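Chain by chain, the residues:
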Amino acid sequence: MGESKRVLVIDDEPDLAGLIAIFLKVANFDVVSACDGKQALQILEQITPDLVFCDLVMPNMNGIETVRAIRSDPRFRSIPIIMLSARGSDLDVERALLAGANDYIIKPFRGADIVAVARKYLEEQPDDALILANRA
Amino acid sequence: MHSFLQIGHEHTASLAALINLEATGSGRGAGAQEMPEEAAIHIAPETLDTLASVISHDLNSPLSAVIGYADLLLEGYTEPLTPSQREYVQTIRENAQRVLTLITLLSDAIKMARGKLIPELQPIEIHQILKQAAREIAEYLEARKQRFCIQEDESVTVLVDLQRMQRVLTLLLRFIAQHIPMGQEIFIDVIPPTADEDMVTIMVRADVSAVSEMGEAVQRRSSTPLQLIIAQAFLKMHGGQLRWTPSERASEIVVIKLPANPELLAAS
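Quick mapping for you: the protein sequence lines, in order, are chains U and A. So the first sequence is numbered by my numbering: it starts at 1 and just counts up by one. So the second sequence is numbered by my numbering: it starts at 1001 and just counts up by one.
None of these hints come from the bench; they were simulated from the model. Quick caveat, the model's predicted, so the values are computed rather than measured. Each hint should be verified, as a subset may be incorrect.
Here are a few chain A residues that sit away from chain U, every Cβ distance over 12 angstroms (derived from the structure) [as the list claims (entries may be wrong)]:
#1 GLN1122
#2 PRO1123
#3 GLN1128
#4 ARG1135
#5 ARG1144
#6 ARG1174
#7 GLN1178
#8 GLU1185
#9 GLU1197
#10 ARG1220
#11 THR1224
#12 LYS1236
#13 GLU1252
With beta-carbon atoms standing in for the labels, derived distance ranges [to be verified]:
#14 GLN1219/A x ASP15/U: 33 to 41 angstroms
#15 ILE47/U x LEU1081/A: 31 to 39 angstroms
#16 GLU94/U x THR1194/A: 37 to 45 angstroms
#17 ARG119/U x ASP1196/A: 57 to 65 angstroms
#18 GLU1216/A x LYS25/U: 52 to 60 angstroms
#19 LYS25/U x ASP1198/A: 54 to 62 angstroms
#20 ASP1207/A x LYS25/U: 51 to 59 angstroms
#21 ALA1143/A x ARG75/U: 54 to 62 angstroms
#22 LYS1131/A x VAL26/U: 35 to 43 angstroms
#23 GLU1125/A x LEU91/U: 26 to 34 angstroms
#24 GLU1079/A x ARG119/U: 21 to 29 angstroms
#25 SER1084/A x LYS25/U: 26 to 34 angstroms
Heads up, the beta-carbon is just placed ideally off N, CA and C, and yes, glycines get one too.
Can you make the complete structure from the sequences, with help from the hints?
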């Protein structure tokens, strides 16, 4: 069996970050969590993840700023970044994609959606963004 | 220009007052109840934008966590649940989902009132929405031994934001089912537009004594139910209206009016 893919989860809500980590770990991903953009950048000095989930609304350094900072580093230009947010307007999605995110998941999400998106970007290399709407 | 959120002894907050943002001489929105000045909180329109944003993020996030962890338990990520544990977790999830729907609609209503969110109007057959609403609360109705009987004489289309109107009508019908005594049939009549009025009328009714009991139960509450506030706000923003009418002598519970699809009017 190959080495587990590593996923960085950036979310200021520890319960949500923990939830995403559980779903991913059950699906055999290796998970590292950061509580905000600044911590994420510090972690990225030490490790290179295969994929990033990043919350949009965070204090100090929001998701857009975090994605731009990650993309500004040549080492991380091709890492898939998936934005997470309760906000799902066309404008929010557009801003995230323009900042450099590859995809957008609207909260609340299902665990199966998180795993499906991770697999899609780490195993299938999709061409188009897959926007997963709130199923509520 | 100020909007006016009233918090008083009756804890009544009218979203209709929030929607009407024009200041009058007293600084109160149209339709506002008279409240002691010291009990009133004035909220600037810009603050409403922040409120909508806060609602959609700060309340959504913990609810998403509740729903997510409930799903963890229900979908077998942990040890199998006993039947009663499963029932309890499903109850937790359903109630969290209900609150999430309420706050999402509340946030959307504020954004629409502020012009920050435009409804996506499309012609929809009204029976489609009503039947879907009944389906979504089918388990709840079964537990209460209730049934919605939807009149189906002719096809009638309305011009609405389908996703949001679906949620609003589901919310409203569930509220009605919750307050009507168990074991009742609840009738929904759909009246097409007439020569005098280009609105589709939806009348929800039940047995007179059941409606009377329901009216008393709702009256005893210390505040206008949020479901009614939200439904009224969305219907108003669609150019429609909601009239809550339970009384001692009539079978009518609520009368809803929605704009008919203009093509329907042209064809008639």
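Hint check results:
1. GLN1122: holds (17 angstroms)
2. PRO1123: holds (22 angstroms)
3. GLN1128: holds (19 angstroms)
4. ARG1135: Label holds. Min Cβ-Cβ 15 angstroms, cutoff 12 angstroms.
5. ARG1144: For ARG1144/A, whose nearest Cβ neighbour in chain U is about 23 angstroms away, the distance exceeds 12 angstroms, so it holds.
6. ARG1174: holds (14 angstroms)
7. GLN1178: Holds, because the least Cβ-Cβ distance between GLN1178/A and chain U comes to about 19 angstroms, which exceeds 12 angstroms.
8. GLU1185: holds (29 angstroms)
9. GLU1197: Nearest chain U Cβ is 34 angstroms from GLU1197/A, so the label holds.
10. ARG1220: holds (31 angstroms)
11. THR1224: holds (24 angstroms)
12. LYS1236: Given that every Cβ of chain U is farther than 12 angstroms from that of LYS1236/A, nearest at about 22 angstroms, it holds.
13. GLU1252: Fine: 31 angstroms to the nearest Cβ keeps GLU1252/A off the interface.
14. GLN1219/A x ASP15/U: 33 to 41 angstroms: holds (39 angstroms)
15. ILE47/U x LEU1081/A: 31 to 39 angstroms: With a Cβ separation near 36 angstroms, ILE47/U and LEU1081/A satisfy 31 to 39 angstroms, so the hint holds.
16. GLU94/U x THR1194/A: 37 to 45 angstroms: About 44 angstroms separates the Cβ atoms of GLU94/U and THR1194/A, which means 37 to 45 angstroms holds.
17. ARG119/U x ASP1196/A: 57 to 65 angstroms: holds (59 angstroms)
18. GLU1216/A x LYS25/U: 52 to 60 angstroms: Given a distance of about 53 angstroms, which is inside 52 to 60 angstroms, the answer is holds.
19. LYS25/U x ASP1198/A: 54 to 62 angstroms: holds (57 angstroms)
20. ASP1207/A x LYS25/U: 51 to 59 angstroms: Given about 55 angstroms between the Cβ atoms, the range holds.
21. ALA1143/A x ARG75/U: 54 to 62 angstroms: holds (56 angstroms)
22. LYS1131/A x VAL26/U: 35 to 43 angstroms: holds (38 angstroms)
23. GLU1125/A x LEU91/U: 26 to 34 angstroms: holds (31 angstroms)
24. GLU1079/A x ARG119/U: 21 to 29 angstroms: Between GLU1079/A and ARG119/U, where Cβ atoms are some 25 angstroms apart, the hint holds.
25. SER1084/A x LYS25/U: 26 to 34 angstroms: Holds, at about 28 angstroms.
When held up to the earlier numbered hints, the structure conflicts with none and fits them all.
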